[in-house]
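Asks: Just need the whole structure built from these sequences, with the hints factored in.
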Amino acid sequence: GELPRISLSARNFALAEQHLPGQDIVATCAACWLSSREAKERLDASADLMKETNEALAAAGLHYKGEVEIRHMVEVLIEDLGYDELKKPVVKPLDGLKFAGYVGCQTNRPFGIDGESFENPMYLDKLVETAGGEALSKYEQKVTCCGGALAFSEPEKSQKQIKDIVESAYDHGADMIVTPCPLCQANVEVYQSEINKKHGTKLNMPVLYYSQLLTVAYGGSAKDAGLDGQLIRAEKLEKICGK
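According to this note's numbering, the sequence shown holds residues 6 to 248 in order.
Keep in mind the hints are simulated off the structure, nothing from the lab. Backbone N, C-alpha and C define an ideal beta-carbon position, used for all residues, glycine too. Please note: incorrect hints may appear among the correct ones.
[What the hints assert, rightly or not] Simulated pairs of lysine-lysine, DSS-like, Cα-Cα distance not exceeding 30 Å:
#1 K70 with K56
#2 K56 with K45
#3 K143 with K207
#4 K207 with K92
#5 K103 with K70
#6 K203 with K103
#7 K244 with K92
#8 K103 with K248
#9 K241 with K165
#10 K93 with K244
#11 K143 with K165
#12 K202 with K103
[Claimed, not checked] Label pairs and their computed distance ranges (CB to CB):
#13 A64 with D233: 36 to 46 Å
#14 Y223 with K56: 45 to 55 Å
#15 D89 with K162: 35 to 45 Å
#16 S158 with E90: 24 to 34 Å
#17 K248 with F157: 32 to 42 Å
#18 L86 with N209: 32 to 42 Å
#19 G27 with K248: 11 to 21 Å
#20 E145 with G27: 17 to 27 Å
Replies: Given below as structure tokens:
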């Protein structure tokens, strides 16, 4: 049943309420955020599920009151700070770089930023522009799934998704792909070489996490931005770091 899964999330909620009362839980991982967000909504909507969950938590001496809020880090940046504030620390704008903003499916369903569209969310494009880059707003693979959950069980399906995501970025003239989802970042980057072997393609598109762009724009080094850990080097971004 669903009780074990819901109880695992509720355990985190109860610990947060106990040790950090009044503070939000902020997730940087899209999957963690989505799972936690769903669990909270299910618990808020069902008194019976809340009762059963707290009975399970009681075995560990915990109790969930239902007071905690679940947020994605991007929500915090945009809603609490805003684009204007995020732009102020920019000292090395990403001039001349074109980014395909790949939101993916998890941070889009249901994402909490007011006024955002499920079909064409703009927050990632706006973050790119805040950092001084050019956002390719007509990139049509923006909210498709990368197939991360299928990477091992059905790799051919996952890699078909990745191939479409990367080829569309090339078609729009992107220098690199940027995403708010760590799993998407890893999945879309890692399997390009395998796709090349199978299909005779020459995919070599850097895939970055949004915080890496901000780190570079804020004057951080390539190491600060984690660019030294990329499988596909983001050389144009590295050059900006070296200026």
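Asks: Please go over all the hints and tell whether each is borne out by the structure.
Replies: Hints and how they fare:
1. K70 with K56: Holds - the C-alpha atoms of K56 and K70 are around 11 Å apart, at most 30 Å.
2. K56 with K45: holds, 13 Å
3. K143 with K207: Holds, at roughly 23 Å.
4. K207 with K92: Cα-Cα ~35 Å, so violated.
5. K103 with K70: violated, 46 Å
6. K203 with K103: holds, 28 Å
7. K244 with K92: holds, 20 Å
8. K103 with K248: Holds, because 18 Å separates the two Cα atoms, which is no more than 30 Å.
9. K241 with K165: holds, 27 Å
10. K93 with K244: Distance ~22 Å between K93 and K244 Cα, so the pair holds.
11. K143 with K165: Judged against 30 Å, a Cα distance of about 21 Å means the pair holds.
12. K202 with K103: holds, 27 Å
13. A64 with D233: 36 to 46 Å: holds, 45 Å
14. Y223 with K56: 45 to 55 Å: holds, 47 Å
15. D89 with K162: 35 to 45 Å: 42 Å Cβ-Cβ, so the 35 to 45 Å window holds.
16. S158 with E90: 24 to 34 Å: violated, 43 Å
17. K248 with F157: 32 to 42 Å: holds, 41 Å
18. L86 with N209: 32 to 42 Å: About 34 Å separates the Cβ atoms of L86 and N209, which means 32 to 42 Å holds.
19. G27 with K248: 11 to 21 Å: About 42 Å separates the Cβ atoms of G27 and K248, which means 11 to 21 Å is violated.
20. E145 with G27: 17 to 27 Å: violated, 42 Å
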